Amino acid sequence: MRSSAPAKIRHLLLFLGPAMIGMVVFYITPFMTSLVISLTEWDGLRRIGIGSLPRISGFGNYREILASEELRRVLGNTLSFVVLYIPLIVVASLVVALLLERDRPGVVPLRVAFYLPVLTSWVAGAIIWRWVLSPEYGPVNAIIGGLGLPEPGWLQDRRWAMPAIVLASIWKDMGFFGVILLGGLQSISPAIYEAAEIDGASAGVRFWRITLPLLSPVLFFVLVIGLINSFQLFPQVMIMTENAGPQGATQVMVERIYTYAFRYYEMGYASALSWVLFVIIFVCTVIQLRMQRVWVHYGE
Amino acid sequence: MASNAQARVRGVAFYTAATLLGLFVALPFFWMLSTSLKADGALIVIPIQWLPRNPTLDSYTQIFEIFPFGRTLLNSAYVAAATVVITVASCSMAAFAFAKLQFRGREPLFGVVLATLMIPQQVTIIPLFLVLRNLGLINTFTGLLAPSLFNGFAIFLMRQHMRTIPDDYLDAARIDGASLPRIYLSVVMPMSVTSVATIAVLTFMQAWNDYFWPLIVLTEERMMTLNVALSRLNGQFSTDYNTLMAGSLLSMLPIIALYIAAQRYFATGIRIGGIKG
Chain A
1 MRSSAPAKIR HLLLFLGPAM IGMVVFYITP FMTSLVISLT EWDGLRRIGI GSLPRISGFG
61 NYREILASEE LRRVLGNTLS FVVLYIPLIV VASLVVALLL ERDRPGVVPL RVAFYLPVLT
121 SWVAGAIIWR WVLSPEYGPV NAIIGGLGLP EPGWLQDRRW AMPAIVLASI WKDMGFFGVI
181 LLGGLQSISP AIYEAAEIDG ASAGVRFWRI TLPLLSPVLF FVLVIGLINS FQLFPQVMIM
241 TENAGPQGAT QVMVERIYTY AFRYYEMGYA SALSWVLFVI IFVCTVIQLR MQRVWVHYGE
Chain B
301 MASNAQARVR GVAFYTAATL LGLFVALPFF WMLSTSLKAD GALIVIPIQW LPRNPTLDSY
361 TQIFEIFPFG RTLLNSAYVA AATVVITVAS CSMAAFAFAK LQFRGREPLF GVVLATLMIP
421 QQVTIIPLFL VLRNLGLINT FTGLLAPSLF NGFAIFLMRQ HMRTIPDDYL DAARIDGASL
481 PRIYLSVVMP MSVTSVATIA VLTFMQAWND YFWPLIVLTE ERMMTLNVAL SRLNGQFSTD
541 YNTLMAGSLL SMLPIIALYI AAQRYFATGI RIGGIKG
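Same order as they appear, the protein sequences are chains A and B.
Under the working numbering, read the first sequence as residues 1 to 300, first letter to last.
Under the working numbering, read the second sequence as residues 301 to 577, first letter to last.
Source of the hints: derived by calculation from the structure; they are not laboratory data.
Nothing here was measured: the structure is a model prediction, and the numbers come from that model.
Here a beta-carbon is modelled for each residue, glycine too, at the ideal position from N, C-alpha and C.
Beta-carbon label-pair distances, calculated as ranges:
id, chain 1, residue 1, chain 2, residue 2, range
1, B, 345, A, 144, 15 to 21 Å
2, A, 193, B, 442, 52 to 58 Å
3, B, 389, A, 189, 38 to 44 Å
4, A, 103, B, 494, 22 to 28 Å
5, A, 12, B, 371, 39 to 45 Å
6, B, 497, A, 25, 23 to 29 Å
7, B, 408, A, 144, 53 to 59 Å
8, B, 310, A, 90, 17 to 23 Å
9, A, 4, B, 553, 50 to 56 Å
10, B, 408, A, 189, 37 to 43 Å
11, A, 190, B, 364, 52 to 58 Å
Chain A with its partners taken away, still in its complex shape (with noise of 0.2 Å):
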């Protein structure tokens, strides 16, 4: 659409004004300006009265992460969280898709029933599943002990904390993947299925054959947003463990984060943390999408 110059510009300010204002201001200045506060020293306090100024550091604050234990150890905790959660969540949403798509009777209610937790809040279903895996007074040991199974301490023990969080982070995420691979599956045409049929393709050769490579472009998406949702747990930890777990089990990195900067007021040496975890999880994005060439099928 034309119009004069100066009504042209009158209109792009009223339209674009807010929200690139709200651009410049609330995401891309903080993005840049978190770099330099992480080549600091700084309590960001000094406002209030009481603080220092922000010393420079160069990339002291970076080195000092890179040879801490602790982000071993939270890199090691992120581990045993993805090695669990992703072949979980892949295999959890795609049977529940797969039970979505078939047109039973009780379907409806199902369907419900899987989003109720993708509409939960992460805090409630936090404080639910903390008390759901109590270990002595927790329905979930109650039936594994009832089946005469040793009962895990869950968020008490070490070797069972980040599986507690994991499976409070399936049943969460499990509705919404599996909605997303619904529609991937809804959107395959019948029509190769009745060919493959009429070929005498079993029920399971379908499957493996033509289900699976048409739903992989679906089934990268959910690997790609389920490792960043792996590398920015938040809200189950912070609510399920009390301090990060016992022996800081369940320390990772997001927690980490809030921990510097709003518990120790350590803003420099946080921001050079929250750049640390931008950078991991920006590098293992695009080697995805490099390997997305060798398993994802696209076209017909």
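Fit chain B to the supplied structure of chain A, relying on the hints for placement.
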């Protein structure tokens, strides 16, 4: 083609898998409801009471006594509604400009909008907090709400939709003497209802369920949103599970109501761009 026996096996497999996963999903909700109806003494008994033996609504009154819970409900409602209004207004206008106005640098600028989607919140949150504090905006809703002026995903989604509106409609309105703001309000917005409603619903849910940002900005009890209040209660009354469960259940109700009323838009929203769901 499958024989009857095969079909029956698959039917059994379907219902077994559905039941197991269904129980997994339902157990925490059931336990929340059951616990919220228990008296204090019924919480720590062995064997556990699956159903409360003497059900009571005490926890639901107690949560309003130990914490200004009514106030936090109102705070959450206000914050979520205001976030929706600000995001929809600001981002739909920007989406309109990116979809329908010609100007130099439009595509590169839109590229910048998309690039912001890659910035994780944890990176911006520290400087944002420091700026708000220097402006005296900590513990204010203004500070909490200000960043919702911009939402890259919302702009992207609404722009994609607005681009599909044929220019003929806009030209016709123009020939009738409509100004650009009028065209935006009376032609483009009504024709973009689906994407605008989708963004409104997703934004409401996100704002209602948000935790990290309000945790940092709102530290005074009277300003707290539900989630911040619940997490505070979780720390202070960590063994009063009946009260905590009552609070959690109450916090879920508005979102469930919204979901029932606007199910269609949830589904579209999740399907088009799960990223922010």
